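Trainee: Using the sequences plus the hints, can you model the full thing?
Protein chains in written order, with full-length UniProt numbering: chain A, 1 to 294; chain B, 1 to 680.
In case anyone wonders, no lab produced these hints; they're calculated from the structure.
All figures in this text were calculated on a predicted structure; none of them were measured in a lab.
Treat the hints with caution; some may be incorrect.
[Stated by the list, open to error] Cβ pair distances, simulated, as ranges:
1) A:235 <-> B:65: 36 to 42 Å
2) A:259 <-> B:199: 39 to 45 Å
3) A:149 <-> B:173: 47 to 53 Å
4) A:150 <-> B:166: 21 to 27 Å
5) A:156 <-> B:104: 55 to 61 Å
6) B:222 <-> A:171: 56 to 62 Å
7) B:166 <-> A:276: 38 to 44 Å
8) A:150 <-> B:226: 36 to 42 Å
9) B:104 <-> A:290: 53 to 59 Å
10) B:98 <-> A:280: 54 to 60 Å
11) A:240 <-> B:227: 43 to 49 Å
[Unchecked claim] Listed next, the in silico DSS-like pairs over lysine-lysine satisfying Cα-Cα at most 27 Å (straight line):
12) B:38 <-> A:150
13) A:272 <-> B:390
14) B:38 <-> A:154
15) B:219 <-> B:67
[What the hints assert, rightly or not] Residues on chain A that point at chain B, a partial pick, calculated with CB under 8 Å:
16) 59
17) 79
18) 82
19) 83
20) 95
21) 96
22) 98
23) 101
24) 120
25) 123
26) 244
27) 261
We put the beta carbon where it would ideally sit given N, CA and C, even for glycine.
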Amino acid sequence: MTSKILRTSYLFTNTLSKNCSNFKNVSGTIQYSTVHAMKKDDHKPGSTIDQEDLNKFTKQTEYWWDPSGPAKALHSFNMIRVPFVRDGLVQCALNERNPTPLKNKKILDIGCGGGILSEALAKIGATVTGIDANKDMIDVAQRHSESNTKLVNKPNYCCTTIEDHVSNYRNYYDGVVASEVIEHVNNQELFVKSCIEALKPGGRIFFTTPNRTRMTQVFGIWVAEYVLNIVPKGTHQYEKFITPNELTFLLERNNCHVEVVYGTMYNVLLNKWDFVNFQTFMYALQAEKLEIKK
Amino acid sequence: MLLRKSVHRLFATTLKESRTAHACRALSSINEDNVREKYDVIIAGGGMVGCTLACAMGKNSLLSNLKVLLLEGSPNQTFELKPEYSNRVVALNQNTKSLMNSLKVWRHVENARLQPVRHMQVWDASSDALISFNSSEISDDDLAYIVENDLLLHAVNTELMSSDIRNVKIVYGAKIAEYQLAKSTKESSTDNLVKMSNGDVYACQLLIGADGANSAVRKAMGVQYLSWNYDQMGVVATLHLAEPIENNTAWQRWLPTGPVALLPLDSTRSSLVWSTWQDKAKELLKLPDELFVDALNDALWKQYPRSSSVDACMSWLGSWLKKAGLPDGEARQLPPSIMSIAPNSRAAFPLGFGHSTRYVAPGVALVGDAAHRVHPLAGQGVNLGFGDVKDLTTFLADAIYTGCEITHHSWLQRYESSRQRHNVPTQIAVDALHRLYTLDLPPVVLARSLGLQLTNALHPVKAAVDALHRLYTLDLPPVVLARSLGLQLTNALHPVKAAVDALHRLYTLDLPPVVLARSLGLQLTNALHPVKAAVDALHRLYTLDLPPVVLARSLGLQLTNALHPVKAAVDALHRLYTLDLPPVVLARSLGLQLTNALHPVKAAVDALHRLYTLDLPPVVLARSLGLQLTNALHPVKAAVDALHRLYTLDLPPVVLARSLGLQLTNALHPVKVHYPSSTR
Ligand SMILES: Cc1cc2nc3c(=O)[nH]c(=O)nc-3n(C[C@H](O)[C@H](O)[C@H](O)COP(=O)(O)OP(=O)(O)OC[C@H]3O[C@@H](n4cnc5c(N)ncnc54)[C@H](O)[C@@H]3O)c2cc1C
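Mentor: Here is the structure:
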């Protein structure tokens, strides 16, 4: 029974990835297959299940989905980014709140990785589409979402890039989320433009990303990657970091109005995220796509 | 949507079942076949706090989808408003009123009966010191409301039974046999199981202990419970006044034996809470009604023996205040005379202090007296509990609104720290007040009287302080009193205050360096404030489960010792007193000097322990005068202690040590030379 499910999903994800791989890196925009240490394998679609592959998925799922494992910072990050997205999309009086505030909201999670944020948003009612250019990650996300019995409202995952995805989903989403992604892309201008195209007029776009400051260079890259080893080496390149001003500029050139920029801060000792009033390290930005084209 | 939910539930249930089954098999004490029903939340204990929590969960739009079971041990009592007031009443503050208003409970209380308190007068029997509060000085609102316990409970239950609430089931006469608490696993946790004495088993995600000061849930959690008895009892009764008055003043007189308080009920009746030593309380219960009334009037009016120097100082202060045009406390109101007491209304309740170092565990939370117990002198007890209810429902609702489980540790921990930040300082302040006022030494009486009088005189200051306090916590006047007192004199007198302040500061600041310091533990704290360090060490030792502490713990004994001086000291003490090897006995007899040399940390703990367990007048004095003096006295006491030990023990090794001669001791320790020669 279980093996059958596994097999079906395996086949499914493989087919998906095969379709998507045609698009992969066509424009060379996205390279966010970063944080995990696993090597990419080429899976041959076939009728037998490769035990090694299965083990690998189990390992990867553990790697991403253990809330106190290597990806714990991403899990605790949900404690602030879920409210950030939620409150950016709906404002609800205290006594009228319900457990699914994002019901009927279509959200695109770009660079969804293992689906940590996608599932959290789906849990509060959103119709989530998670895309990632890395097929392995999409597999992990798909697998976890299927096995999560507490999650009724499942996200849709697709291995693709935003530029390709948007060709079918123009002006479609109520919310577009790019959490810890823009610092990994090559052509940020095209990336931002594509994100906004996917958004309905009046919809909101959310970014979370490190700022480009000496502090992030020293603590975010040198200390975190080389001294503390809490982030795999080579995850971040300083030159790709974008400042709030630069991002605002890109957004406003694309007919968006930046509504809020909060500083964010991660406390390594407590594994806790907070909004802070300085943006030296990281920030979260929310913008609205305006109705009328300039 | 509905279908989706039920499907969800079905899945969740089967998943939970399989896990529970596993846990049960291991222990085999609770059999999963008996699991009769599964709930999201089980509230153990349907007192005022437990029922209010159930009501709040039923009314919160985010929590009203949760299946809640309330288990109450006593049978369902039908309530009727009798002409005579119940002897159990509570003073409720504005926070409680607004909570009850939001739950639509307050209207039921208002429709029945309650007495607003608009003035409060507190005065010291050992001097003329007095402080008074009026509603208008603090805000236009009433200071407090006096409500009968059973009426309040009835009002809450009326709402709980109303058609607004559909998700709460109540079982009265519930006999709980045993709890089997959840074990947290990586991604989720197992269920809590509640076994009833008839064999039924209920399962739940979140178990809430609202079962009072003797909480069985707390015991099942296995948390540290810091508690002590005051050796006092609160004698309660319903009083009939000699004549009808506009009865909206709460009176409290501090006798050397404890506070006696009159809480207004209506124009001719008041409720009594008389805290006094246990034996005295038992005597009071046995007195015939007329003699009891006499004793009470005595307690309210009698002149207690005074220290003439205190009186002289107070009258000097009075004249000085008069010259400055400030109130000198002469214009005092007089408390009402008591004519009789309502028949059979006398009862007494033991009073104690209790602090559960953890309010939460995986899938479990404590509220109300289960988590904290205070002396009723400031009328705080149940108000703190209602504060717990408000915060817990807010955090649980927030967890759901963010898409997390109600048992998510992040929110439970937020509940715990938010409540402990508020409750612990309040509890310690109340405890400090109690200690301050049960002392009858002239310097203490003088200090507190001067403080009280000055505080009363400095109305603008008081008002400002009150405003500030209200702004931040919106609290009950007695605590305002405690705090105003605190500002003026507790500071000077009571080291606990310093600790409270430090604790409060420590836990309310969220600046990264403070948070870091807090997490890194004692090292920094130590450097900042020695008194705080001691209290903090205790607190921290038992409350924190922060990663750095856990890390430190796992880094091994060395570090643990460094971080947890209390434990080390206790260990050392234990070792010292359980070994009977002659050299150890000798060391023991040599007293603290040697021990000190062996373990410097011990000294601190020992001082604390000694400070709070000895009741010799000089120690009590030292205690109140602060640690400075104690520190100064400490070496002397240690030496006396060692001598005492040396000469009262008749164990062979001790005798041997003794007969090895004072010479050796003298040779070993120059300090001791002094004592044998002086006692000879
Ligand atoms: C003399 C006196 C005066 C006071 N005055 C004030 C005041 O003026 N203002 C104020 O705020 N506070 C006052 N207090 C304190 C206040 O009474 C308590 O804080 C309050 O009652 C605590 O409520 P609770 O619901 O937490 O606990 P409790 O009232 O103790 O309720 C616990 C409930 O749990 C039930 N229970 C316990 N164990 C089990 C079990 N195993 N199974 C099933 N059910 C169980 C019990 O039947 C009970 O109903 C005073 C206290 C005293 C003694």
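Trainee: Against the structure, test the hints numbered earlier, and report the numbers of the ones violated in rising order.
Mentor: Per hint list: 2, 3, 5, 9, 10, 11, 16, 26 and 27 violated.
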